[in-house]
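Undergrad: Here are the chains, one letter per residue:
6 protein chains.
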Amino acid sequence: MQLAPADSPVHNMRIMNVVYRNIDRADSAVIDALGVFGVATVHEAQGRTGLLGPMLRAIYTGARIAGSAVTVSLPPADNWMIHVAVEQCRAGDILVVAPTSASDAGYFGDLLACSLKARGVRGLVIDAGVRDVRDLTAMGFPVWAKAVHAQGTVKETLGSVNVPVVCGSGHVNPGDVIIADDDGVCVVARRDAAQVLKDAEAREAKETKVRERLRAGELGLDIYAMREKLAQRGLRYLDQPGED
Amino acid sequence: MQLAPADSPVHNMRIMNVVYRNIDRADSAVIDALGVFGVATVHEAQGRTGLLGPMLRAIYTGARIAGSAVTVSLPPADNWMIHVAVEQCRAGDILVVAPTSASDAGYFGDLLACSLKARGVRGLVIDAGVRDVRDLTAMGFPVWAKAVHAQGTVKETLGSVNVPVVCGSGHVNPGDVIIADDDGVCVVARRDAAQVLKDAEAREAKETKVRERLRAGELGLDIYAMREKLAQRGLRYLDQPGED
Amino acid sequence: MQLAPADSPVHNMRIMNVVYRNIDRADSAVIDALGVFGVATVHEAQGRTGLLGPMLRAIYTGARIAGSAVTVSLPPADNWMIHVAVEQCRAGDILVVAPTSASDAGYFGDLLACSLKARGVRGLVIDAGVRDVRDLTAMGFPVWAKAVHAQGTVKETLGSVNVPVVCGSGHVNPGDVIIADDDGVCVVARRDAAQVLKDAEAREAKETKVRERLRAGELGLDIYAMREKLAQRGLRYLDQPGED
Amino acid sequence: MQLAPADSPVHNMRIMNVVYRNIDRADSAVIDALGVFGVATVHEAQGRTGLLGPMLRAIYTGARIAGSAVTVSLPPADNWMIHVAVEQCRAGDILVVAPTSASDAGYFGDLLACSLKARGVRGLVIDAGVRDVRDLTAMGFPVWAKAVHAQGTVKETLGSVNVPVVCGSGHVNPGDVIIADDDGVCVVARRDAAQVLKDAEAREAKETKVRERLRAGELGLDIYAMREKLAQRGLRYLDQPGED
Amino acid sequence: MQLAPADSPVHNMRIMNVVYRNIDRADSAVIDALGVFGVATVHEAQGRTGLLGPMLRAIYTGARIAGSAVTVSLPPADNWMIHVAVEQCRAGDILVVAPTSASDAGYFGDLLACSLKARGVRGLVIDAGVRDVRDLTAMGFPVWAKAVHAQGTVKETLGSVNVPVVCGSGHVNPGDVIIADDDGVCVVARRDAAQVLKDAEAREAKETKVRERLRAGELGLDIYAMREKLAQRGLRYLDQPGED
Amino acid sequence: MQLAPADSPVHNMRIMNVVYRNIDRADSAVIDALGVFGVATVHEAQGRTGLLGPMLRAIYTGARIAGSAVTVSLPPADNWMIHVAVEQCRAGDILVVAPTSASDAGYFGDLLACSLKARGVRGLVIDAGVRDVRDLTAMGFPVWAKAVHAQGTVKETLGSVNVPVVCGSGHVNPGDVIIADDDGVCVVARRDAAQVLKDAEAREAKETKVRERLRAGELGLDIYAMREKLAQRGLRYLDQPGED
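Residue numbers (this note's numbering), protein chains in the order written: chain S, 1 to 244; chain E, 1001 to 1244; chain V, 2001 to 2244; chain D, 3001 to 3244; chain L, 4001 to 4244; chain Z, 5001 to 5244.
In isolation and in its complexed conformation, chain S is listed as follows (with noise of 0.2 angstroms):
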């Protein structure tokens, strides 16, 4: 995964267990937009970058948020960080949660879904475990998770809060834009935000009418005008031999 340059200040020693508190976010008017497209959209629209991988899927079907991610990363099977976590969340984010290596245990359910609802956030991404799904789901709390897994996490170890993190194999920095939905998540650095918003429109845009030509049946052969360069490359038409 290529990342688009960081869009974090620079820092020359390692800090660990820490929290940072006040990140920057974008504006709420254009991560809203954002959401509207969805994530096939806005991922297309930024050069085919920022997507997280497929193993994070939706744990109901239909939700679509976009948000500022507050980002943790914590131990293996240790949930300690994400209490820590909630209390840097404002409304309009959604949590980005990473362990520092792979598990599939339990970090999240009803309880912590219920305090981050009352704080006004979206959404949790989670490279990790969810459980209390049917409650989750009850109360429209959208989670993005690798497993559900009921196993339950200790409180023993620190991590931090709101430091770059990997999580579903793509690298998401605090007060990135996160957009997910039936087709997963993807992420778009803060400053990149507006423009990628301007490019999702003209996208979509585009598209509108190309999905209307193709539904009154022309091809994209001829839509895209695909033909010509089918046939330097070489493509071939051939009838099936007669067989009987």
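For the record, the hints were derived by calculation from the structure and aren't laboratory data. Note that the structure is predicted; figures quoted are calculated from it, not measured.
Computed cross-link-like contacts, BS3-like style, restricted to lysine-lysine with a CA-CA straight-line distance of at most 25 angstroms:
hint, chain 1, residue 1, chain 2, residue 2
1, V, LYS2117, E, LYS1206
2, V, LYS2229, D, LYS3155
3, E, LYS1209, V, LYS2155
4, V, LYS2155, V, LYS2117
5, V, LYS2155, E, LYS1206
6, S, LYS155, D, LYS3155
7, E, LYS1206, E, LYS1229
8, V, LYS2209, V, LYS2198
9, S, LYS155, Z, LYS5229
10, Z, LYS5117, L, LYS4209
11, V, LYS2155, D, LYS3229
12, D, LYS3209, L, LYS4155
13, Z, LYS5155, L, LYS4206
14, E, LYS1117, S, LYS209
15, D, LYS3117, Z, LYS5209
16, V, LYS2206, S, LYS155
17, Z, LYS5155, L, LYS4209
18, E, LYS1229, V, LYS2155
19, L, LYS4155, D, LYS3206
20, E, LYS1229, D, LYS3229
21, L, LYS4117, D, LYS3209
22, Z, LYS5206, D, LYS3117
23, E, LYS1117, S, LYS206
24, V, LYS2209, S, LYS155
25, D, LYS3206, L, LYS4117
26, E, LYS1209, V, LYS2117
27, E, LYS1155, Z, LYS5155
28, Z, LYS5206, D, LYS3155
29, L, LYS4229, S, LYS229
30, Z, LYS5155, L, LYS4229
31, L, LYS4155, V, LYS2155
32, Z, LYS5198, Z, LYS5209
33, S, LYS155, V, LYS2229
34, Z, LYS5117, L, LYS4206
35, E, LYS1155, L, LYS4229
36, D, LYS3155, Z, LYS5229
37, S, LYS229, E, LYS1155
38, L, LYS4155, E, LYS1229
39, E, LYS1155, S, LYS209
40, D, LYS3229, L, LYS4155
Please arrange chains E, V, D, L and Z on chain S, whose structure you already have, making use of the hints.
TA: Structure of chains E, V, D, L and Z alone, referenced to chain S:
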């Protein structure tokens, strides 16, 4: 997986980057009748053959389709040949797409679905990823895929249409009958279709009677007369020793 | 996975190809009450033990059952012993099926479900594949399985019924209480069931109060008095340095 | 996986965070003799039972060991209990380590291997990750593990020593005989060890004769007298029709 | 995976439980010459087709073989048909074994290897498990398999010999040329073998020259004249901005 | 995975299809010294961070290298940018290659290795497949890869060189120090390299003393003074009740 002997003509050279235009298809009444029985029954009726692997999952539940395979062999993360294949599809067909090496990229989305739907194509089976599943679900275009992943693809490298492919660890010839439902995907060789239909009808008739006896409380052990064979093989019945 | 010490009698020889007929079951009122709490709560109430692995997924959402385990150890891709096991099932039981080596074949479908339902069996947990999921869903017979796969099985080789098995990387004794819902499957040793129920009730009572405080906007950091311990462990709060 | 009936005493409550000190072990001459036969022969000799799953791989080829299981149940990514378990090990033992939920962290490296080697422990079986494989190979301390991964672990949460565990999808009681070689890991119940040894000797004697006949060019079809049974089941021999 | 058009005769019915005795094989000098080039070169020489999937791994390093495929389609965890297939093998053949549904059981060990070796068979390709790898390595009988697993199999259910199979997600016809080395397994259609050999020789000659230029420090960018095309596509060279 | 704060300059726009020419590298003496310690020690010395995932495996055992990362972001199954990247490599570098979506194709073989070797490059880390492993082993060019797969790639689509990438679920900046051995791959931020080296030296000195005490038979329980803390957390020692 054992394959039904090849239903396609004999060639004596490798042929690549070619589109076969006039494939033979099975009788449409037979195809539709096979679709009523569904995957499990058809698979059993043809001697437990023809099933594609369980990694191919329906993107939404409840669909059950049957149709003639238009096959596509294409490169990883390059969907150019799907555009080529659309033109070869007729009403009643099912598109079967197989990359030449493993890919979970999102080859297919709502625009291509609009195009296929306009031609009367019944669905897609793809050994890779798809996207826009929310739109595909809304328009009722069923897809069996290995992944849901928005990752965009390129249009740079040729492949072939209507050649034999391996899809989901199974073998599909162009013109084969594809049956797909919540249980997965099953392939019936074109020339076998009528016979398999008869076998499916016979099986279903027999199962209907068994089903009623089971519902009434009879045991499979008795209906299938298994007790003697089990005893001959050495099955013993014991009482669990008391504990307390 | 740590196991609760074995609840079954001590033997001094390997016993194979045997059906134990008279297993002990837990009190049915206790079983039903455990089912109300569901997997996550029961798992926590018994000290975070007893969970089967997340590869066992419900074939449809919304079911929550509890019952007594009738266990089946059988060969890969051979479902003969399921027919044998049906006879050992009573109303309120849950069938737990484990192949002796990995298999994703479709051991179980609508006919066996009809038979089990006629006997009052509440569901199936199987470390392998099932089929006819459309019919199983329509008849409301819940299944937790590793795969949906129509691949037919044979009836050639014996196994055992009501012996200890490893299913979904967890250990199940015959007569154990099985709880299953959208979060997965949890096992409670028969003799522990009453105590675990009490612990689950106590846990739920406590969680209900916490849930209300979280909904009202209190933080887990404060409710659980975590701040001091976090500081002792060395958690630091920093402001993100300005960028512009 | 079917389990041999439990070899351990009956308890009536869940016991956690406990170290059992005085486990019974099988006769050391029997253990050593089983080790000579290796995994495949012992597995067959006890009726094709006792094998752990193929995800447990030797970190270097050529080792073949047998010993008494000292078992450890511990949290994901926390290796504290291995330090506790070392003290319970004697010469001739094999440490068997199973996390309570899936982890690929590196629980074990050269320091722990030095400690175990000093006590005469013969090897490690772990359903998780190890590191320092270069050092472990150099010192000739064999390990069967799910992953090679350097990821460090913490020492925060208790577990238990010498309780029954599920490791590699198989069940291991403390004091069971472990056999491990390039084919994987096999478990023999302590009380069965002497009988399994006799069966292994008998099997090996028979196989030695068959091996010589096969080397001389005789066919298994004839040695095992399979032809009649194959014909009865319906196997047909055909000539491939000419093509040209 | 795209398939070379079928090299086998046309049939009009499904044929199961059959052994085809007299398959055609490619010229032995051609086969041996293909083996010298190895998997990667042959795969490229035939247009990047014919490769089986990377899940098929050599059980020991350093072997490189080529031979004629004798194919076996058999049930999961049942190795009866391998005994049947041995009789159909000649010197120079390679056995290719594919279960009808996924299995990691240990179908093959030292006894069968002795028998095949006595007949001059060069190796085994199996989409399942093998055992006795220590013995197989010692006797120099190379195997490409999906798993090393000692799990025993039964001899209860028929299959077929010398029918087309899907193995490792690739298609193999009886009599195809199999090339296998540390890179995996490649299949060449029998009738294409002579042409592919010529193409491999041409490719190797060209690569030898390129290799020398690369060793001398020339860049592929220049040898292959890529710079202009890269610039046309829009590649830009930038200096990393200074940091300090 | 938590990331060390970004070591690269701040940009305010997405930049694609670009080659950065003049990356900064760490001091070569520091790099070489880190290589002596190896992956596990360096990973621990920098606070258990920086490890790439265990899916990246060495193609042969025994190599241990350290060098400066030249990073490549490229499309799935398209290795064009590797040719571009070669020119940016100097003696002492390690090439780090990451596709933008998952691919197991064989991006890299003996020709590219010859070219890199001619420039003094020390090895390759690639989140995809490689081939010609027999040749790579013979020439002593070490590779850490996700798959060995001969599948050929195309040269059609651009990517970038010396941009941040996610490789093996870890984050790599151009110029980072890469350490790789049989335990996997570890990344040290360029600016941290000198400090991490000091910490590694301190850790190794301490471990050397512990190693000697363990070899002499002392227990980690005593060396690390764990007994009191274990008792405080509630660990109990029990005797296994007699059975006979």
